[in-house]
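Protein chains: 2
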Amino acid sequence: MIRHTVSFALVHAEGSAEEAAFLARGREVLTGVPGVEDFQVSRQVSPKSLHRFQFAMTFADETAYRAYDAHPAHRDFVASSWEPEVADFQELDLVPLS
Amino acid sequence: MIRHTVSFALVHAEGSAEEAAFLARGREVLTGVPGVEDFQVSRQVSPKSLHRFQFAMTFADETAYRAYDAHPAHRDFVASSWEPEVADFQELDLVPLS
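Line by line, the protein sequences are chains D and E.
So the first sequence is residues 1 to 98, counted in full-length UniProt numbering.
So the second sequence is residues 1 to 98, counted in full-length UniProt numbering.
These are computed hints drawn from the structure, not numbers from a lab.
One or more of the hints may lead you astray.
Intra- or inter-copy, both count: the list cannot distinguish identical chains.
The calculated lysine to aspartate or glutamate pairs, modelled on EDC-like cross-linking and capped at a C-alpha distance of 16 Å, are [unchecked claim]:
1. 48 - 38
2. 48 - 88
3. 48 - 69
4. 48 - 93
Just chain D, same shape as in the assembly (with noise of 0.2 Å):
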């Protein structure tokens, strides 16, 4: 099992239409795709951080993440919305220990 957890900043202003409508699209598309479990957006609240997103899903193996990670559907939303909208980012991929 691998929890992939993705924090973010938006280039849009905070509780702006826009910043709304790419956590809609975002939920959206990323829940569609084959693979994806247990998807959560989270608002990041933390002042020692300057992101105020997490994406977090969760898959069976590392086959299911690189086909979610081909996946067109992914593909087109990082093109068309993370690379234009997100200013910054980190990613990080969670295997729980016993």
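Since chain D is already given, all that's left is putting chain E on it; use the hints.
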């Protein structure tokens, strides 16, 4: 609900006894602090971050989080283990959006 996460890299060699001891002590001490729920240690496996582990825990609310932060067991862990043994870290505080 607040999910507090901190990803980090240790000063210790990968797979060392010191690394294992740090993770075990962190789990032991932090799960003993009142208010800490769903404590999870994960390995961070993405090559896009130099961090190698993550601690994650849930607090019911801001009051519980502040009590944890001020708790002597937490403060002692930070001073005696975290500060000398952690090379780099990043904290995030995540509040799920519906």
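Q.
So, against the hints stated earlier in the document, which numbers end up violated here?
A. Failing hint: just 1.
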